Amino acid sequence: MAKVIMTADDSASVRQMVTFTLKQGGYEVVEAVDGKDALQKLSTTRVDMLITDLNMPNLDGIGLIKGARALPSCKFIPIVMLTTESQDTRKQEGKAAGATGWIVKPFKPEQLMAVVKKVLG
Amino acid sequence: MIDQHRQAFKEEAYELLAELETSLLELEERPDDVDLIGRVFRAMHTIKGSGSMFGFDDIASFTHEVETVFDMVRNGKLQVTKRLVNLTLAARDQIKAMLDQADEGGGGALQGSAEIIEGLRELAGFCASAATPVQKPAEKAAHRDKVTYRIRFVPSRDIFASGSNPLALLNELRELGACSVVAQTSEFPSLEEINPEACYVYWDVILTTDQGENAIRDVFIFVEDDCELKIETVAEHSGFDEPQDYKKLGEILLERGDITPQEMAEVLAQQRRFGELAISSGILHEGKIQSALIEQKHVKEIRQEKQNVEAASSIRVPAERLDLLVNLVGEMVTVQARLSQTANQRADAELLAIAEEVERLTAELRDSALNIRMLPIGSTFSKFKRLVRDLSSELGKQIEMTTEGEETELDKTVIERLNDPLVHLIRNSIDHGIELPDARLAAGKPSHGTVHLAAVHSGDSVLITIEDDGAGLDKEAIRAKALEKGIIVASAELSEKELFSLIFAPGFSTAKKVSSVSGRGVGMDVVKRAIEALRGSIDISSVRGQGTRITVRIPLTLAIIESLLVKIGDDSFMLPLSLVDECVELTREDVARSHGRNLARVREHLVPYIPLRERFSIKGKCPDIEQIVITQVNGVRVGFVVDHVIGEHQTVIKSLGRAYKDVEGVSGATILGDGSVALILDIPQLVQAVEAEQP
Chain A
1 MAKVIMTADD
11 SASVRQMVTF
21 TLKQGGYEVV
31 EAVDGKDALQ
41 KLSTTRVDML
51 ITDLNMPNLD
61 GIGLIKGARA
71 LPSCKFIPIV
81 MLTTESQDTR
91 KQEGKAAGAT
101 GWIVKPFKPE
111 QLMAVVKKVL
121 G
Chain B
1 MIDQHRQAFK
11 EEAYELLAEL
21 ETSLLELEER
31 PDDVDLIGRV
41 FRAMHTIKGS
51 GSMFGFDDIA
61 SFTHEVETVF
71 DMVRNGKLQV
81 TKRLVNLTLA
91 ARDQIKAMLD
101 QADEGGGGAL
111 QGSAEIIEGL
121 RELAGFCASA
131 ATPVQKPAEK
141 AAHRDKVTYR
151 IRFVPSRDIF
161 ASGSNPLALL
171 NELRELGACS
181 VVAQTSEFPS
191 LEEINPEACY
201 VYWDVILTTD
211 QGENAIRDVF
221 IFVEDDCELK
231 IETVAEHSGF
241 DEPQDYKKLG
251 EILLERGDIT
261 PQEMAEVLAQ
271 QRRFGELAIS
281 SGILHEGKIQ
291 SALIEQKHVK
301 EIRQEKQNVE
311 AASSIRVPAE
321 RLDLLVNLVG
331 EMVTVQARLS
341 QTANQRADAE
351 LLAIAEEVER
361 LTAELRDSAL
371 NIRMLPIGST
381 FSKFKRLVRD
391 LSSELGKQIE
401 MTTEGEETEL
411 DKTVIERLND
421 PLVHLIRNSI
431 DHGIELPDAR
441 LAAGKPSHGT
451 VHLAAVHSGD
461 SVLITIEDDG
471 AGLDKEAIRA
481 KALEKGIIVA
491 SAELSEKELF
501 SLIFAPGFST
511 AKKVSSVSGR
521 GVGMDVVKRA
531 IEALRGSIDI
541 SSVRGQGTRI
551 TVRIPLTLAI
561 IESLLVKIGD
571 DSFMLPLSLV
581 DECVELTRED
591 VARSHGRNLA
601 RVREHLVPYI
611 PLRERFSIKG
621 KCPDIEQIVI
631 TQVNGVRVGF
641 VVDHVIGEHQ
651 TVIKSLGRAY
661 KDVEGVSGAT
671 ILGDGSVALI
681 LDIPQLVQAV
691 EAEQP
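From first to last, the protein sequence lines are chains A and B.
Position one of the first sequence corresponds to residue 1 (my numbering), numbered consecutively onward.
Position one of the second sequence corresponds to residue 1 (my numbering), numbered consecutively onward.
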């Protein structure tokens with residue numbers, strides 16, 4: 001059965017690109033437009049991995065990671081955050097909140113796939 | 001596909017810009033609204049992040065400046081002022097213009113970008129050139145030697161809480177190279193104290209890889225902050241003479257800091273197997289010993305493997321053994337030919353199948369046996385470099401030798417026998433070809449000359465060219481000399497090629513004075529004979545004042561050749577296929593028409609022929625239609641009249657022995673499929689002999 005990955009990003013173009021890349025890699029994808037939307041979907045759908053942006057309206061990435069880790073089904077799943085290099089402090093915050101790893105924007109589809117393969121094993 | 005993403009980004013960016021405009025206008029009224037500031041920042045951030053992902057780099061770098069300022073606003077370091085809003089609105093319009101422009105494919109920063117950035121930076125209060133893109137260190141793709149690392153990976157207890165899977169990391173390590181992993185379980189608490197969500201295990205890994213330490217660190221990039229990671233180099237597998245033995249168990253444990261020197265001394269004092277002792281004395285946990293033992297084994301294995309590879313890469317064998325092998329293969333080819341012939345005559349399907357199989361195997365065996373004797377010609381070339389250097393300084397000339405195709409392989413015997421002719425040719429180039437520095441400068445050439453030596457494969461032969469940029473051959477001097485020596489008559493009209501080939505005539509030398517290097521006039525004819533003895537050919541081309549090029553064509557191997565099998569009466573003969581151009585018929589009428597002049601008309605050209613039946617005094621009556629095998633020797637076409645042409649044949653050359661050493665026109669013999677002997681004709685020699693008999 002294909003693994004399910006959620007992408008949470010307020011940018012439609014990034015979501016589109018992530019979804020396209022992951023689907024090509026044989027994964028199923030669930031999209032969420034912000035942290036709040038993502039948390040809600042996480043409580044009803046089972047996902048194997050979460051890729052989230054850090055800056056999002058309603059609930060930002062850090063909040064989403066904390067919320068997700070509190071859910072029993074998401075306690076041990078890999079969570080990867082999308083950051084820009086200017087946000088080193090945010091990266092640390094994300095790590096502290098329970099993120100597994102990060103991808104620095106801008107990234108290429110191959111880089112995304114490499115990270116997904118790395119954390120999903 | 002990427003276009004589709006770009007389009008999506010543009011639509012999104014236009015939306016964001018519209019939202020940005022509203023937010024900015026609201027912000028002007030309520031400058032302290034944190035929510036609004038957040039919205040502006042996010043809009044900028046998204047445009048920047050997504051923009052750079054879809055190739056809008058100019059937009060991304062411009063937006064980065066605005067984002068930086070708003071990051072400060074968001075963190076309370078900067079107040080929202082009218083000027084800031086004005087500038088940001090201007091920036092927003094600028095981004096929109098850049099997006100519009102991207103449609104027409106025109107890139108580049110628009111007018112005004114610099115001013116806006118300047119203004120924003122002024123506001124933010126830092127000097128120009130604040131944003132320097134982070135340069136990623138260039139990855140070196142250089143080849144690295146294999147190195148064995150000792151890695152101790154102790155994840156933090158709560159590693160699972162961050163969603164990391166240590167096993168995935170270990171699998172990633174395995175992809176880097178030969179890897180031995182030992183899980184250390186000494187930290188496990190008793191059952192009632194176990195927290196099932198904690199990680200108590202740690203790992204000792206011995207990894208041999210050529211990827212370097214950074215590749216290993218990259219594997220642990222996400223966890224390096226919450227794990228204890230120790231990477232040490234234990235062995236580098238670059239040297240040639242690596243010891244077979246590796247460190248002793250105690251040394252490894254000492255290096256790792258698992259045991260103190262004092263403890264080791266205590267254990268050693270008891271004189272038992274170190275591992276058992278250390279465990280039983282309670283200094284060390286069993287897992288640590290095991291890990292050290294695995295390291296020992298791993299490194300030994302890697303070294304063993306390497307030595308095996310090195311040992312297998314080459315073997316020295318006496319040349320006679322190879323000669324014997326090639327001879328045996330030759331016999332085998334002969335026997336196989338007989339087998340094939342017999343199988344064909346019997347029309348036995350089973351026997352035919354076996355014969356075909358044997359034929360295929362024999363061909364393979366022959367090729368690989370001959371291959372074993374092949375050597376690169378490079379070693380010979382490097383000897384010539386020295387020769388050129390010594391000779392040129394002796395003659396007061398400045399000459400540089402360049403080589404090409406050193407890796408070209410030739411039969412060992414051929415290389416050895418080529419040495420003397422090549423030395424002679426190079427001496428000639430240096431002595432007669434290249435002028436003295438003054439003369440060269442006067443001719444408008446650089447003062448130092450060049451001799452270029454090149455070897456290249458061409459079909460079943462190798463072409464060796466010796467090219468100099470010297471004076472070239474003097475046609476008039478050659479002609480005068482040839483007249484003087486009586487090689488040609490005054491009325492002879494010679495083509496350029498024929499004229500040049502005169503220098504190979506016996507006793508010919510054009511050098512004005514004899515030097516120690518060359519010019520005794522014994523040279524070129526000897527060279528030519530030596531090359532022909534190798535069944536090769538030699539060719540000269542030259543342009544006066546620009547240089548001379550000598551091309552030597554040598555067959556790849558001496559032992560086996562492709563030849564054309566012909567019959568005269570009951571006797572079989574072989575003509576080397578490399579010299580054969582074509583075969584045509586010769587009828588009685590043709591012979592009658594030529595009035596006994598031995599000339600045949602082939603496509604409006606007259607070709608002289610040699611009737612072999614006559615020449616070899618073979619009795620019997622020739623058939624009504626004979627065959628002419630037309631060969632090409634030194635650019636001249638000569639025909640050989642035979643009774644029948646049988647076809648191509650793989651010929652294993654057998655020497656005729658000393659008794660027949662002086663027989664003219666025959667270079668060897670071979671044994672045919674039916675066991676009979678066929679003589680191999682020495683075509684150049686035959687042509688020469690017939691020419692010499694002509695009045």
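Don't read these hints as lab results, they were simulated from the structure.
Remember, predicted model here, so these are calculated numbers, not experimental data.
Please note that the accuracy of each hint is not assured.
Claimed, not checked - The following label-pair restraints were derived from C-beta to C-beta distances:
1. B:E118 / A:S73: 15 to 25 Å
2. B:D323 / A:K108: 31 to 41 Å
3. A:G26 / B:L352: 52 to 62 Å
4. B:E118 / A:A2: 25 to 35 Å
5. B:E118 / A:K75: 30 to 40 Å
As the list claims (entries may be wrong) - 30 Å max Cα-Cα, derived BS3-like pairs, lysine-lysine:
6. B:K146 / B:K96
7. B:K654 / A:K41
8. A:K117 / B:K654
9. A:K91 / B:K654
10. B:K10 / A:K36
11. A:K95 / A:K75
12. A:K95 / A:K108
13. A:K75 / B:K619
14. A:K36 / B:K619
15. B:K77 / A:K91
16. A:K66 / A:K108
17. B:K230 / A:K95
18. A:K108 / B:K77
19. A:K23 / B:K82
20. B:K146 / A:K117
21. B:K385 / B:K300
22. B:K619 / A:K108
23. A:K95 / B:K485
24. A:K66 / B:K654
25. B:K248 / A:K91
26. A:K3 / A:K108
Beta carbons are placed, not taken as given, at the ideal position from N, Cα and C, and that holds for glycine.
Okay, the hints, checked on the actual structure:
1. B:E118 / A:S73: 15 to 25 Å: Violated: the Cβ-Cβ distance is about 52 Å, outside 15 to 25 Å.
2. B:D323 / A:K108: 31 to 41 Å: 60 Å, violated
3. A:G26 / B:L352: 52 to 62 Å: Holds, since G26 of chain A and L352 of chain B (Cβ atoms, about 53 Å apart) stay within the stated range.
4. B:E118 / A:A2: 25 to 35 Å: 52 Å Cβ-Cβ, so the 25 to 35 Å window is violated.
5. B:E118 / A:K75: 30 to 40 Å: Violated, at about 50 Å.
6. B:K146 / B:K96: 53 Å, violated
7. B:K654 / A:K41: Since the Cα atoms of K654 of chain B and K41 of chain A sit roughly 87 Å apart, the hinted pair is violated (cutoff 30 Å).
8. A:K117 / B:K654: 66 Å, violated
9. A:K91 / B:K654: Between K91 of chain A and K654 of chain B the Cα gap is close to 81 Å, so the pair fails against 30 Å, i.e. violated.
10. B:K10 / A:K36: 25 Å, holds
11. A:K95 / A:K75: Cα-Cα ~14 Å, so holds.
12. A:K95 / A:K108: 23 Å, holds
13. A:K75 / B:K619: 104 Å, violated
14. A:K36 / B:K619: At roughly 110 Å apart (the allowed maximum being 30 Å), K619 of chain B and K36 of chain A break the hint.
15. B:K77 / A:K91: 21 Å, holds
16. A:K66 / A:K108: The hint holds at about 27 Å.
17. B:K230 / A:K95: 21 Å, holds
18. A:K108 / B:K77: Given that 30 Å is the threshold and the Cα spacing comes to 34 Å, the pair is violated.
19. A:K23 / B:K82: 47 Å, violated
20. B:K146 / A:K117: 26 Å, holds
21. B:K385 / B:K300: Given pair K385 of chain B, K300 of chain B is violated - Cα atoms ~44 Å apart, limit 30 Å.
22. B:K619 / A:K108: Violated. K619 of chain B to K108 of chain A sits at ~86 Å, over the 30 Å cutoff.
23. A:K95 / B:K485: 97 Å, violated
24. A:K66 / B:K654: Since the Cα atoms of K66 of chain A and K654 of chain B sit roughly 88 Å apart, the hinted pair is violated (cutoff 30 Å).
25. B:K248 / A:K91: 44 Å, violated
26. A:K3 / A:K108: 21 Å, holds
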